[in-house]
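Please build the complete structure, drawing on both the sequences and the hints.
Residue numbers (the working numbering), protein chains in the order written: chain A, 1 to 79; chain B, 80 to 224.
Hints should not be assumed to be uniformly reliable.
Derived contacts from chain B toward chain A, CB cut-off under 10 angstroms, selection only [to be verified]:
(1) Thr111
(2) Arg113
(3) Tyr126
(4) His157
(5) Pro197
Below, simulated DSS-like cross-link-like pairs (lysine-lysine); rule was C-alpha separation at most 25 angstroms, straight line [said to hold, decoys possible]:
(6) B:Lys193 to B:Lys152
(7) B:Lys135 to B:Lys145
(8) B:Lys193 to A:Lys14
(9) B:Lys101 to B:Lys145
(10) B:Lys193 to B:Lys145
(11) B:Lys201 to A:Lys14
To list a few chain B residues with every Cβ distance to chain A over 12 angstroms, as calculated [what the hints assert, rightly or not]:
(12) Arg95
(13) Asp99
(14) Lys101
(15) Ala104
(16) Val106
(17) Ala141
(18) Ala144
(19) Lys146
(20) His177
Keep in mind that the hints were calculated from the coordinates and are not lab data. C-beta: ideal position from N, C-alpha, C; glycine also.
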Amino acid sequence: MRIRLRFFAMLREKLGAAVEREARAGATVSAVWHAFVAEHPEVARVQVRFAVDEAYVEPGHRLADGDEVAVFPPVSGGA
Amino acid sequence: MFRIVRRRIDLAALDRAVRDAKAGAVVTFVGTTRNENAGRQVRRLEYEALESMATKEMRALAATAKKRWRLRKVGMVHRIGVVPVGEASVAIAVSSGHRTEAFDACRWLIDRLKEIVPIWKKEHYRGGEIWIGAQQGGPAPRRRR
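Written out as structure tokens, the structure is:
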């Protein structure tokens with residue numbers, strides 16, 4: 001299945017706005033991210049959180065074909 | 080009022096949005112950009128957001144706050160893009176029948192916003208730039224031309 005990873009803030013600067021990857025049917029967010037990190041070890045140490053359809057999901061969340069996963073570095077809103 | 084804006088935050092509009100005939104208190108928190116951080120001389124701050132999710136998360140926080148405290152109205156506005164030093168980057172207003180609830184809820188809302196709303200801050204300081212919250216062993220100053 002096709003999964004799109006979308007990046008923000010420091011991840012966007014390092015990796016670009018988004019990438020698409022093939023993943024096994026029913027793959028979890030965590031599996032897709034770890035496969036991607038294997039290609040990009042420079043972001044392996046970044047603490048990330050994930051969102052699908054504009055809601056936070058756990059790393060164990062199972063993805064469906066065409067899903068977009070927003071990958072967030074630590075948020076830092078406020079002043 | 081739950082908004083992500085690219086210009087100066089309209090504090091008067093936020094205040095109007097939470098006014099309520101049954102309210103005896105309006106507490107407003109305004110976060111402003113400071114000219115120093117961790118010993119760095121800050122020139123400006125730049126914010127980025129996943130806007131649609133950010134407003135959704137702000138609404139969800141307000142809904143939770145209304146369950147926890149007896150509140151009348153809540154409004155939250157965050158500015159993104161470049162915010163010069165000394166200007167407001169975030170404002171939260173809460174109205175309630177009595178002041179205690181409004182103070183407590185406002186404090187909780189800004190703390191939670193900083194923890195979960197998808198907004199990121201990049202600090203441009205004298206000698207470099209850094210995404211706050213994403214420190215991986217300290218800042219890597221950008222070489223200046």
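Violating hint indices (sorted, rising): Of the numbered hints, all hold.
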